[in-house]
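Chains S and A, in that order, give the protein sequences. In terms of the numbering used here, the first sequence opens at residue 1 and continues consecutively. In terms of the numbering used here, the second sequence opens at residue 1 and continues consecutively.
Just so you know, these hints were derived from the structure itself, not from any lab. Everything numeric in this text was worked out from a predicted model, so none of it was measured. The reader is advised that the hints may include incorrect statements.
[What the hints assert, rightly or not] A short list of chain A residues far from chain S (calculated; beta carbon distances all over 10 Å): (1) Asn74; (2) Ser77; (3) Lys80; (4) His85; (5) Gly197; (6) Leu228; (7) Lys231.
[As the list claims (entries may be wrong)] Have a look at the derived ranges for each label pair, beta carbon to beta carbon: (8) A/Gly87 / S/Gln96: 38 to 46 Å; (9) A/Phe180 / S/Glu120: 57 to 65 Å; (10) A/His109 / S/Pro81: 34 to 42 Å.
No residue lacks a Cβ here, since even glycine has one placed at the ideal position from N, Cα and C.
Residue strings, one per chain:
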Amino acid sequence: MGDSQYSFSLTTFSPSGKLVQIEHALTAVGSGQTSLGIKASNGVVIATEKKLPSILVDETSVQKIQILTPNIGVVYSGMGPDSRVLVRKSRKQAEQYNLLYKEAIPVTQLVRETAAVMQEFTQSGGVRPFGVSLLVAGYDDKGPQLYQVDPSGSYFSWKASAMGKNVSNAKMFLEKRYTDDMELEDAIHTAILTLKGLLVFEGQISGKNIEIGVIEADRTFRVLTAAQIEDYLQEVE
Amino acid sequence: MLTKKGLKPPGYLKTGTTIVGVVCKDCVVLGADTRATAGSIVADKNCEKIHNMAPNILCCGAGTAADTEAVTDNISSQLKLHRYHTGRESRVVTALTLLKSHLFRYQGHVSAALVLGGVDVTGPHLHTIYPHGSTDTLPFATMGSGSLAAMAIFESEYREGLTRDEGVNLVTKAICSGIFNDLGSGSNVDICVIEKGKTEYLRNHLTPNPRTYISSKGYTFSKKTEVLHTKITPLKELVDVVQVGGDAMEE
């Protein structure tokens, strides 16, 4: 990684024992658009607001929620370009695992490998940490799972989590509404209500300015179309 | 120069298999036999020679089984990543180019002769790929040691615009020709029909070589074996079990 001139790491310890670059990366994430995820008893839902810089941007060309494997999807908060690099690497790692073991990569393994990549960039020469936190949603033999991966490379399994702007309000809302035996349909409604409650939308919340990804017992991750989101929005009204 | 020194260059390997493909109206039908040979021994009587490249693209492989398996797995993996990246269905020419580049890079040492077929947005396609990396695009194709037997059937009975069922029958006939007339091919017929939006894998579509000597009643011995003498020796009498003082085994 990096030139011979930059063989030293740019992320160095401060006297108080903190890695300041990672703290700054987390700040970058904290100023990114809100995204959240909820693990239900029979599936996982991840959602994000899709606020475009101008009404002239073609919103159909933007897709923030990405598929990593047929049964694992991901959403980010923070810098879009950084997330694209991670998505590409994760897809490749999942495929390499598949080639080697002839098995679909378990969610925990993929999260672990992605987190390892993010950690590398905090210790290698001439590079900076990734300015994104990822929410990885998957369904494998262990059931539905939701993981959050931070720029430092640490990862946690969550029942429900939020990242980006207004994260504390979002988490409070989720804490109040989350139940262990929640079903996927309830989870989707809760996700929509959380986004609706927190965020100041310029116009109205619609299928065009939020993105929702779900995975259920059929183990196929899919991103909902704008029309499907509109249906859920009407149910919530 | 090396030939003068006595080095024999690798010749074209016609290997124990019959694989075929035919383009019908709006679909592609692939066929293969199921015999895997190790020299003159049949190593596998019912192996799978039709490999998955993509949901809409399949590949029959002749040659060294390990090579065909490895190369199709590798390119299938690359195609999957490409699909995620582009968000589009894979095209047959993409699979073709990835395969031929790989084989050319290995200068024929990867002994894989393939019949690649599929249906994508541009229509139905059928190609043959040779171990050195050259390719042909054809309406009907055969590869393997049984290719001449199968080609004889195609050349006499192929017509443009076959229907799906006519295509399946023609391919079955061609593979059977290989099975019965070529020693390197045998056992059953596998068929795969690829249409726009749908792929049907007919494993063992025809089994013209069933094992005939198994009795449906099961095998019974005609005469019971007589017991002449019984002697039971409990092993405890032969071995002394002594408990050593202290821990029996330190972890």
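Going down the list of hints, with the structure as the test:
Annotated as non-interface, A/Asn74 brings its C-beta within 10 Å of a C-beta of chain S; the closest such distance is 7 Å. Consistency note on A/Ser77: stated as away from chain S, yet its beta-carbon is not over 10 Å from all of that chain's, at 5 Å minimum. With a closest Cβ-Cβ approach of about 6 Å to chain S, A/Lys80 is found to fall inside the 10 Å limit, against its non-interface label. Residue-level check failed: A/His85 sits 7 Å from the nearest beta carbon of chain S, not beyond 10 Å.
Non-interface status of A/Gly197 relative to chain S is upheld: no Cβ of that chain comes within 10 Å, the nearest being about 17 Å off. With a least beta-carbon separation of about 53 Å from chain S, A/Leu228 lies farther than 10 Å from that chain, consistent with its non-interface assignment. Every Cβ of chain S is farther than 10 Å from the Cβ of A/Lys231; the closest lies at roughly 51 Å, confirming the non-interface assignment. The hinted window of 38 to 46 Å between A/Gly87 and S/Gln96 is violated, with their beta carbons roughly 21 Å apart.
Between A/Phe180 and S/Glu120 the beta carbon distance is about 59 Å. The supplied range of 57 to 65 Å therefore holds. Restraint check, A/His109 to S/Pro81: a C-beta distance of roughly 41 Å satisfies the suggested window 34 to 42 Å.
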